[in-house]
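Fit chain P to the known structure of chain Z by using the hints.
Chains as they are written, first to last, in the numbering used here: chain Z, 1 to 177; chain P, 1 to 454.
Don't read these hints as lab results, they were simulated from the structure. Quick reminder that beta carbons are idealized off the backbone N, C-alpha and C, glycines included. Be aware that one or more of the hints could be misleading.
Okay, derived cross-link-like pairs now, EDC-like style, lysine to aspartate or glutamate, Cα gap no bigger than 16 Å in a straight line [what the hints assert, rightly or not]:
#, chain 1, residue 1, chain 2, residue 2
1, Z, K14, Z, D76
2, Z, K14, P, E5
3, Z, K157, P, E5
4, P, K2, Z, D131
Some, not all, of what chain P presents toward chain Z, calculated at C-beta under 8 Å [to be verified]:
#, residue
5, M1
6, W6
7, R7
8, P12
9, L13
10, V14
11, K17
12, L18
13, A22
14, I26
15, G241
16, R243
17, V246
18, L247
19, G334
What follows is a set of in silico ranges between Cβ atoms, one per label pair, in the way DEER data are often shown [claimed, not checked]:
#, chain 1, residue 1, chain 2, residue 2, range
20, Z, D11, P, T293, 22 to 30 Å
21, Z, R55, P, A116, 48 to 56 Å
22, Z, T133, P, M1, 17 to 25 Å
23, Z, L59, P, K199, 53 to 61 Å
24, Z, S161, P, A21, 34 to 42 Å
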Amino acid sequence: MLVAHREPASDAAKRLFGQYGDEVYQYVRFTLGEATEAEDVVQDVFLEVLRAWPRFRGLSSEKTWLWSIARHRLIDHLRRLSRLGRDLSRRETGRDDPMARDIATRVDVECSLQYLPVAQRQVVILRIIQDHTTAEVSRMLGWPQVRVRVTLHRALKVLSSLLHDGEACVVKEGAHP
Amino acid sequence: MKLSEWRAAFAPLVDVKLSSAAKHRIMAALDAEADYAVPVTIPQAQQKSSRWLPAAAVAAGVIALLILARASIFEAVGQQSASPAASTESAGHGSPAKTAVPVTATDGGVSPVSAASTVAHLKALLPAGGSLVPPPGTSAAQPYLVLPLTKPGAQDYVALYTAGPPIQGTADGCNGRPCGVLVAAPGPAGGLRALWQWKPGGYVLDQLTAVSFTGGGEPDLLAAFQIGSTFAEIRVVSFAGGRASVLLDDQGGAPRVLQPETSGTLAGLAFRHNDTGGAGTWVVWRWDASLGTFVRADGAFPAFYRSQAPHAPLKPGGPAWADYYAAVAYLQAGENAAALQMARQGINGVGYMHGSPAFYELEATVYRRRGNCGQAVPLYQKVVTAQQPGGGIGWPALPRSYYGLAACAKAAGNATQAAAYAKKAIEAGAKPAGLGTTANDWYGYVQAEALLRQ
Chain Z
1 MLVAHREPAS DAAKRLFGQY GDEVYQYVRF TLGEATEAED VVQDVFLEVL
51 RAWPRFRGLS SEKTWLWSIA RHRLIDHLRR LSRLGRDLSR RETGRDDPMA
101 RDIATRVDVE CSLQYLPVAQ RQVVILRIIQ DHTTAEVSRM LGWPQVRVRV
151 TLHRALKVLS SLLHDGEACV VKEGAHP
Chain P
1 MKLSEWRAAF APLVDVKLSS AAKHRIMAAL DAEADYAVPV TIPQAQQKSS
51 RWLPAAAVAA GVIALLILAR ASIFEAVGQQ SASPAASTES AGHGSPAKTA
101 VPVTATDGGV SPVSAASTVA HLKALLPAGG SLVPPPGTSA AQPYLVLPLT
151 KPGAQDYVAL YTAGPPIQGT ADGCNGRPCG VLVAAPGPAG GLRALWQWKP
201 GGYVLDQLTA VSFTGGGEPD LLAAFQIGST FAEIRVVSFA GGRASVLLDD
251 QGGAPRVLQP ETSGTLAGLA FRHNDTGGAG TWVVWRWDAS LGTFVRADGA
301 FPAFYRSQAP HAPLKPGGPA WADYYAAVAY LQAGENAAAL QMARQGINGV
351 GYMHGSPAFY ELEATVYRRR GNCGQAVPLY QKVVTAQQPG GGIGWPALPR
401 SYYGLAACAK AAGNATQAAA YAKKAIEAGA KPAGLGTTAN DWYGYVQAEA
451 LLRQ
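If we strip away everything but chain Z, and leave its shape as in the complex, we get (with noise of 0.2 Å):
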């Protein structure tokens, strides 16, 4: 299956940018907790879409041959973060979004992602947001389905105690400049 080959390979990657670039920045956006990291890391996939391109071969979905570089990119930038010493967790998700500061219930829920680990996060983001199907789910991560699932039951547990509790997440009035 190489007729992808014969797409020039910006071509390709401003097509898939086209399709999958929102759902790509969800997914690293989602995971850091943060817009603009997101935006870079978002750049830095599809860099490498168009860099890699003429390597696919198809032996996947374009669309999981995607992830697989997204999240690479995504766990090559957690390092970082991890090396600069910066915490992953309980991140205040939407303080630098305009756009977030409108809908409190947005940054509730975006903001009690931040307070999984980031392997729960990849799930719920995927499973949750983005209704992919456990299948796409486990091909998108390289996991077995069955850890997608289990990881996916306990991260909604957590989020069940989180979002119940309300005290993981309150957005309150003025606390943004």
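Structure of chain P alone, referenced to chain Z:
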């Protein structure tokens, strides 16, 4: 809660999307990245390349390493000027054979009598007028190497010979005359039979290495020759089973072969190569066991470069073009930080007239590819303001910088200015006619023309 209820709870997040500014920036970065893509022609069959040879197989397959003409590119570039033109002029004219490490060369007639007999048999296989030239590490009494090329434990012979008139202007090669390679194996009736010859044709031997690229029990033979000052050819030949099989035959301008990587996952060759229509670049080949062929793996160059560089530290000033193309390779591999570092190293290591414009342009291009024209434009302007990109690798910087300025103007929506800069890029790119149509002078030209057409 059911999944549907969770989805409802998270529904607001579905609306979170990239801002249009971010989308614009990323699209600009993709455009800029595409600008730098070097056209690489890979046969369709080779596009299926996939796996590296297992490291153990490669390492275990190393039989012998014999470097004749140059230990490495880094020594070679250290002897050259920073100019690509000058570099190609001097390519292949270094001293022959600095090292010889016939690790597993076997006793194939060391005694004077049997050596004399072998020499007689080898001479009988040479073309008329040919004479044997002792490879380094051998003697006039035994002017050949014995290597197990056809099967493990075999005694096969590799000989250098010269024929034809002397090469003008050099005492290198094989005593100043074109070199040829003869590979022979024991034949019937106690004689030798020729397995393969690379006949001399104005060639100057650049490298001869016996190493197992394919991971088999026998080493393959890598030979690289310079032909004149601007052309070179590299071949890798397998003799497994007693039959010569050319695994790789690549021709191009001024290739410089790095020592093949034999200790890791990369089994390949790298050399500078001016593709028509592409930028001068480092090329990496690696053996793909599943396809039974060498495939291009240029993206692996940074790793290759890192693994080789410590063995032959770069010399300040001399190997500027090697630094430069390494930085370009980093850029193409997406290692922007490494590309920047290499560019700055180049700027610090060379005088302005010896290539720093190229490094400024490179640094600017990294920024431009990141969508940061704010930092790119002043650097491009530095090159443009000087108007004299200098000799050596500096001269392609001018058309490239004009092109970079055009791309930034286009990204900013200023079509008129973009067109003006593109025209200047074309003009600047077309000027160095005396330097020929190598990739670099055409780079800014071709890209700018495309931009202008838009």
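Hint check:
The suggested pairing of K14 of chain Z with D76 of chain Z is violated, with an alpha-carbon distance near 23 Å, which exceeds 16 Å. Pair hint K14 of chain Z plus E5 of chain P does not hold up; C-alpha atoms about 35 Å apart against a cutoff of 16 Å. Restraint check: the Cα-Cα separation between K157 of chain Z and E5 of chain P comes to about 13 Å, which is no more than 16 Å; the hinted pair holds. Proposed proximity of K2 of chain P and D131 of chain Z is supported: the alpha carbons are some 13 Å apart, at most 16 Å.
The beta carbon of M1 of chain P is positioned within 8 Å of a beta carbon in chain Z (closest approach about 6 Å), and the interface hint is therefore held. Satisfaction of the interface hint for W6 of chain P is found here, the shortest Cβ-Cβ separation to chain Z being roughly 5 Å, below the 8 Å cut-off. Because the beta carbon of R7 of chain P sits about 6 Å from the nearest beta carbon in chain Z, less than 8 Å, this interface hint is met. Taking 8 Å as the C-beta cut-off, the interface hint given for P12 of chain P holds, the closest approach to chain Z being about 4 Å.
A distance limit of 8 Å between C-beta atoms decides the matter here; for L13 of chain P the minimum to chain Z is near 5 Å, and the interface restraint holds. Because the closest C-beta pair between V14 of chain P and chain Z is about 6 Å apart, less than 8 Å, the hint holds. Below 8 Å, beta-carbon pairs count as interface contacts, and K17 of chain P has one with chain Z at about 4 Å; its hint therefore holds. Interface restraint check for L18 of chain P: the shortest CB-CB distance to chain Z comes to about 5 Å, inside 8 Å, so the restraint holds.
Here the hint on A22 of chain P is kept, as its CB sits about 4 Å from the closest CB of chain Z, short of 8 Å. Of the supplied interface hints, the one on I26 of chain P holds, with its beta-carbon coming within about 5 Å of a beta-carbon of chain Z, less than 8 Å. Because the beta carbon of G241 of chain P sits about 31 Å from the nearest beta carbon in chain Z, more than 8 Å, this interface hint is broken. Nearest Cβ of chain Z to the Cβ of R243 of chain P: about 31 Å, over the 8 Å cut. The hint is violated.
Evaluation of the V246 of chain P hint against chain Z yields a violated restraint, the C-beta minimum of about 25 Å exceeding 8 Å. A distance limit of 8 Å between C-beta atoms decides the matter here; for L247 of chain P the minimum to chain Z is near 21 Å, and the interface restraint is violated. Here the hint on G334 of chain P is kept, as its CB sits about 6 Å from the closest CB of chain Z, short of 8 Å. Hint check: D11 of chain Z to T293 of chain P, Cβ distance near 28 Å, so the stated range 22 to 30 Å holds.
A hinted range of 48 to 56 Å holds for the C-beta pair R55 of chain Z and A116 of chain P, which are about 54 Å apart. Roughly 19 Å separates the CB atoms of T133 of chain Z and M1 of chain P, a value that falls within the hinted 17 to 25 Å. Restraint check, L59 of chain Z to K199 of chain P: a C-beta distance of roughly 44 Å breaks the suggested window 53 to 61 Å. A beta carbon spacing of about 38 Å between S161 of chain Z and A21 of chain P agrees with the range 34 to 42 Å that was offered as a hint.
In terms of the numbered hints stated before, the structure departs from hints 1, 2, 15, 16, 17, 18, 23, listed from lowest to highest.
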